[in-house]
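Novice: If you want the building blocks of each chain, they are given just below.
2 protein chains.
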Amino acid sequence: MTQDKVLKIEACFSPALYPTYEDKESIVVIIDVLRATSAICVAFHNGAERMIPVATVDEALSYKQQGFLAGAERDAIKIEGFDFGNSPYDYMGEHVNGQTIALTTTNGTQAIEAARNAYKVVIGSFLNIDVLCDWLVKQDRNILLLCSGWKNRFNLEDSLYAGAVTHEIIKRTQEVKLGDGCLALQYLYEMAKDDPMKFLSHASHKERMVKLNLKKDIRYCLVPNTAPVIPILEGKYLVKLAI
Amino acid sequence: MTQDKVLKIEACFSPALYPTYEDKESIVVIIDVLRATSAICVAFHNGAERMIPVATVDEALSYKQQGFLAGAERDAIKIEGFDFGNSPYDYMGEHVNGQTIALTTTNGTQAIEAARNAYKVVIGSFLNIDVLCDWLVKQDRNILLLCSGWKNRFNLEDSLYAGAVTHEIIKRTQEVKLGDGCLALQYLYEMAKDDPMKFLSHASHKERMVKLNLKKDIRYCLVPNTAPVIPILEGKYLVKLAI
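Line by line, the protein sequences give chains V and G. In terms of the working numbering, the first sequence has 39 at position 39, counting the first letter as 1, and numbering is strictly consecutive. In terms of the working numbering, the second sequence has 120 at position 120, counting the first letter as 1, and numbering is strictly consecutive.
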């Protein structure tokens, strides 16, 4: 980016709207905090070598049949026959160390698929927020925060996180111009930051997860900086960025 | 709606996402406060008999050639050769009384087009917010607040208004369940309500309009209840609902 330009940050609330926001020069941050992008950060923090995000269960199955580890989730439930779902707890421990893991999820991997041809695609969650924001401001590039949402609908938890990233970037540099989405999210984050768990108490996906007894997962996914890695897309693989 | 069901309110931030939120049983409120839906309310308040919202300039032109009055706006500017743009001031006075007016705008009429087959489609703006919310709660139907946005992107002013409607409906009935979009907008409206003009000061479309010397329009479109009518879609026509 040339020096006379101000850094722009925009938020997109649905993978279906990505073409409307697409800009081949921007860095895209993929956001699916409950739980895909949190799980991805955990996997790399636990030594995973590569991940292969795929859109369909069939593709994930094909990788599994080739001998890879594979995770698959739909509607918040792990699909039978796969090694993992999308709980961050599935990706903790020695069993992921050095492995290549295929992954398909209801929302997060769909967002990655949508943004595949962007300048750079990185993975964001509360678990890596500080290292990610430190890195983002150093790149001097426009930023698009791509919320995975729920089946292409706006969701509260991804928006909350996009608001948190906006807040953190403004803390690190004043030289930013916020798009309308980020302007709104700033306020949202301001209201929520002292008690995000309470803020999310009426969120539709949280209700869904609580019914499935996944409250422990939600709590884990809201704790900042427990997996300080930046997964980045290189071709068809997510790898850990050297920082 | 059966009596054991709770009224649901959801917000959709882009006409492009309407198919994701579509529900043939809901009442859809079309929102383009700067300025199409404000102008439509003003036209009916000034005695317009019918309006014909159309997606393209060609369609509007065709109505004009048939002898109808016709408004056309693109990128906040009135298209040459038409009777009106989308400024509410264009639709004030005796010249609209009893008339049928075709209208095409950058965003608002596109949202109407998207939702054309919904159970009921009504027009919302600050100018008719109280009569609209009074009517909405009486219908005992789910409500979808369809923000026109800006060329399918999220915008701040339509979201602010959707937040205001959410707030007003909750004031009128406790028996509501908010979707994630409305949950977020509640907070947004809470932050903005004391000084919406200031709240919108960084909004992209406001900047665009200020450049075009349209600050007077913005101010007008934010004043509640100056055009207490409910335009409703009947076939291809918008008409004034008898209330």
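Any given hint could be a false lead.
Each pair may be met inside one copy or between any two copies, as identical chains are not told apart.
Claimed, not checked - Straight-line C-alpha distance at most 25 angstroms; calculated DSS-like pairs for lysine-lysine:
| hint | residue 1 | residue 2 |
| --- | --- | --- |
| 1 | Lys120 | Lys177 |
| 2 | Lys5 | Lys236 |
| 3 | Lys177 | Lys193 |
| 4 | Lys216 | Lys120 |
| 5 | Lys177 | Lys78 |
Don't read these hints as lab results, they were simulated from the structure.
Novice: Work down the list of hints and note, for each, if the structure agrees.
Specialist: Hint check:
no.	hint	verdict
1	Lys120 / Lys177	within (20 angstroms within a copy, 39 angstroms between copies)
2	Lys5 / Lys236	neither (31 angstroms within a copy, 46 angstroms between copies)
3	Lys177 / Lys193	both (22 angstroms within a copy, 23 angstroms between copies)
4	Lys216 / Lys120	neither (32 angstroms within a copy, 42 angstroms between copies)
5	Lys177 / Lys78	neither (40 angstroms within a copy, 28 angstroms between copies)
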